[in-house]
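Could you put the whole structure together from the sequences, leaning on the hints where they help?
The sequence shown begins at -1 in the working numbering and counts up one residue at a time.
Check the hints yourself; a few may be wrong.
As the list claims (entries may be wrong) - What follows is a list of derived Cβ distance ranges for each label pair:
1. Asp153 <-> Thr10: 39 to 47 angstroms
2. Thr73 <-> Gln171: 22 to 30 angstroms
3. Leu160 <-> Ala180: 32 to 40 angstroms
4. Lys53 <-> Pro199: 48 to 56 angstroms
5. Asp84 <-> Ala12: 34 to 42 angstroms
6. Arg116 <-> Ala12: 45 to 53 angstroms
7. Gly40 <-> Val186: 38 to 46 angstroms
8. Asp84 <-> Arg43: 50 to 58 angstroms
9. Thr195 <-> Glu33: 45 to 53 angstroms
10. Gly147 <-> Gln171: 28 to 36 angstroms
11. Arg116 <-> Arg43: 22 to 30 angstroms
If you are wondering where the hints come from, they were derived from the structure by calculation, not from laboratory data. Where is the CB? At the ideal position from N, CA and C, for every residue including glycine.
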Amino acid sequence: MPKGPTKRRPQTTARLLQAAQETFAERGFHGSSIEVICERAGLTRGAFYSNFRAKEDLFFALFDLHAQRVTDRLTRAVDELDTADDPVRAVITRMGTVDETERRWYLLSTEFTLHAIRHPDTARTLADHDRRLREEIVRALAHLFDRIGRRPTVDLDLLARLTAAVHEGSLAQSLVEPDRLAPEQLAVTFLPNLLETVSEPVATER
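Written as structure tokens, this is what we have:
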């Protein structure tokens, strides 16, 4: 490929992703056409197809960006464990914080999940992206248990799935009733007890 297009490709991709993120937030996944996304990005359909095969690929690229934000937050939370008086609650509170970006992502990812359920090939791709993000959550959980001197008695991948389900379910209820339930309230209230229930103290040498 010529040097010019090679240098422009990252900027073109970034413009398409930004336009897709804004358009998906306004119109939803199904309500957003490739034409509208390209128009918003100031690019042609040719520019789109030189970077992505289909609209679904835009979602998965945005998924990876979101996963990186989650991983960065997890990393910061884990780095602060040694200075936190209550490390469990500190991690849960940090990860339960929801801003407008997180709200938009929840709406898009929920719609796309329903789309994936109806399309098995897409579901497999989504499951693979979920798995990679869940691996980061498992690493954080392992570090957290080590920090509080406890050993998990359940599979950490299943526990990561459960904590994600609590987060997503709580967020859904909070978005419906923002004046009744804070996004992190259920997790902060119940997950510390849950983590204690599914773990045991590490025996100390005498």
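To see whether the hints hold, each was checked on the structure:
1. Asp153 <-> Thr10: 39 to 47 angstroms: Cβ of Asp153 to Cβ of Thr10: about 42 angstroms, so the range 39 to 47 angstroms holds.
2. Thr73 <-> Gln171: 22 to 30 angstroms: 28 angstroms, holds
3. Leu160 <-> Ala180: 32 to 40 angstroms: 20 angstroms, violated
4. Lys53 <-> Pro199: 48 to 56 angstroms: Given about 50 angstroms between the Cβ atoms, the range holds.
5. Asp84 <-> Ala12: 34 to 42 angstroms: 39 angstroms, holds
6. Arg116 <-> Ala12: 45 to 53 angstroms: 30 angstroms, violated
7. Gly40 <-> Val186: 38 to 46 angstroms: Distance hint for Gly40, Val186 holds at roughly 43 angstroms.
8. Asp84 <-> Arg43: 50 to 58 angstroms: Holds, since Asp84 and Arg43 (Cβ atoms, about 53 angstroms apart) stay within the stated range.
9. Thr195 <-> Glu33: 45 to 53 angstroms: 52 angstroms, holds
10. Gly147 <-> Gln171: 28 to 36 angstroms: 33 angstroms, holds
11. Arg116 <-> Arg43: 22 to 30 angstroms: 26 angstroms, holds
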